[in-house]
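Visitor: Sequence:
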Amino acid sequence: MKHAVAFATVVALAASASADPLRLRADALASTQSPAGLLVLEADGAERPELSAEAVIWLAGRHDERDEARHGDVIVIAIKARTRGDRARGTIGRFVSTLGALRPVHVDGAALRLRLPKRFEIETVGGMPVVPASVAAGRAWDWLVGARLSRRLGDYGAIGVAYSQQRDAGRKVYEEVALDAGIALGKRDDLGARVAYDVANPGLAEVALTARHVHKPVRADLYVTHRAASHLLPATSLFTVIGDVPSVRAGALLTWPAAPRLDLVADLGARRVDSDVAPELVARARLKLDDRGASALTGELRRSGIADEAWTGARGAARIALPRSLALSTELELVIPDDARGRGTAWPWALAACSWQRAAWQSALAVEASASPEYRHRVDVLFQLARQWGVP
235 MKHAVAFATV VALAASASAD PLRLRADALA STQSPAGLLV LEADGAERPE
285 LSAEAVIWLA GRHDERDEAR HGDVIVIAIK ARTRGDRARG TIGRFVSTLG
335 ALRPVHVDGA ALRLRLPKRF EIETVGGMPV VPASVAAGRA WDWLVGARLS
385 RRLGDYGAIG VAYSQQRDAG RKVYEEVALD AGIALGKRDD LGARVAYDVA
435 NPGLAEVALT ARHVHKPVRA DLYVTHRAAS HLLPATSLFT VIGDVPSVRA
485 GALLTWPAAP RLDLVADLGA RRVDSDVAPE LVARARLKLD DRGASALTGE
535 LRRSGIADEA WTGARGAARI ALPRSLALST ELELVIPDDA RGRGTAWPWA
585 LAACSWQRAA WQSALAVEAS ASPEYRHRVD VLFQLARQWG VP
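Sequential numbering from 235 applies to the sequence shown in my numbering.
Keep in mind that the hints are not guaranteed to be accurate.
[As the list claims (entries may be wrong)] Pair ranges (Cβ atoms, derived):
1. P338 - I417: 39 to 49 Å
2. T579 - P494: 36 to 46 Å
3. R318 - L496: 19 to 29 Å
4. V479 - L413: 16 to 26 Å
5. G324 - H449: 41 to 51 Å
6. V613 - A454: 14 to 24 Å
[To be verified] Only pairs whose alpha carbons sit at most 35 Å apart, straight line, appear in this in silico DSBU-like list of lysine-lysine:
7. K352 - K314
8. K314 - K406
9. K352 - K421
10. K450 - K421
11. K421 - K522
12. K406 - K450
The set of hints was computed from the structure by calculation and includes no laboratory data.
From the three backbone atoms N, C-alpha and C, an ideal C-beta is built for every residue, glycine too.
When you get a sec, could you build the whole thing from the sequences and use the hints?
Guide: As structure tokens, then:
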């Protein structure tokens, strides 16, 4: 099979260093499937720290045999402002809105947060939901509004309620109400809750209840979670790709610093999908190789999945800090399904990276390789280059 690997190169030039500090960061991504790049720009000023801006631009290179077109998109481009006392904050542009326990929404619009008397706080957002460019043409009456009212409970907690509604072509497609709360019961105990209810399609969209007790040196967490498909987060590893599904999960998480540099974690739980119930087990160890934790080794064993989708996984990771601001890191995940069904008896995923930082410059190069039920084999390369201007 023939593979083509290409890099998207981004070059950024800054004004004089005597101006307000300006931070610029550029990332380029190369893939055997579709060359692409990511440009990240951030800026703020020393004389006016209450004003900042950011932009994240996706430079995709999709090949289309019909028109030889290459397509890209703006992921985030927003200006943020706040008052000197931080009683008001505002954002305008394209950004991801998060209001309490409501699901995150990608929106073109504006958001405002105000601190009110009596420890109350209100957050609002309004605009148009971001949709792919291929379906955006000709669309009208697409809008989204949302708000959250919260109150701080002294120094020991806060509670908030939120509401959001989204319409496409004037038709209601999403409506949620949500409650979130967190309370500290003394120095050793904490309680937390997040509940979101889908009004448009009646039913619970997310429930997360947690209770924590610290009895030094052990920390114990009890949890119950439920997530519908609309509240699942993007996958960040092979484990989350195949293990994150709409479900109800409950269990206990124990964290024990067995030694000054060694942390042991055990997650003992169960997951329910429809009428099937199966154990959800995780054992993890992290060993710091220095006092700061700049170099560390991590190992993890996991048992997950339901019925004929059950699997066992192992993960190992290492990060080694070297002289001259160099760092090497590697990560390996291996999943063995109980029932392969012609999809391969093992699904490996590996990542190796090297990073370097000196003064205002940062760079990193990573190679990712994997095999899964979707791809017999796949290799991706990620290159990052970052530069800061106006830094002391």
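Visitor: All the hints need checking, so say for each whether the structure fits it.
Guide: Hints and how they fare:
1. A beta carbon spacing of about 24 Å between P338 and I417 contradicts the range 39 to 49 Å that was offered as a hint.
2. Between T579 and P494 the Cβ separation comes to about 40 Å, which falls inside the hinted range of 36 to 46 Å.
3. Under the hint 19 to 29 Å, the C-beta atoms of R318 and L496, about 45 Å apart, miss the expected range.
4. The hint said 16 to 26 Å for the Cβ distance between V479 and L413, and at roughly 25 Å that hint holds.
5. In this structure the hint that G324 and H449 lie 41 to 51 Å apart at CB holds, the actual value being about 44 Å.
6. Take V613 and A454: their Cβ atoms lie about 42 Å apart, and the range 14 to 24 Å is violated.
7. For the given pair, K352 sits about 26 Å from K314 by alpha-carbon distance, which is consistent with the 35 Å threshold.
8. At roughly 29 Å between alpha-carbon atoms, K314 and K406 fall within 35 Å of each other, so this suggested pair holds.
9. Taking the CA atoms of K352 and K421, the gap is about 25 Å. The hint holds against a cut of 35 Å.
10. The hinted pair formed by K450 and K421 meets the criterion: a straight-line CA distance of about 11 Å does not exceed 35 Å.
11. For the hint linking K421 to K522, the alpha-carbon distance of about 27 Å falls within 35 Å, and the restraint holds.
12. As the CA atoms of K406 and K450 are separated by approximately 50 Å, the hinted pair breaks the 35 Å bound.
The structure is inconsistent with the numbered hints 1, 3, 6 and 12, although it conforms to all the rest.
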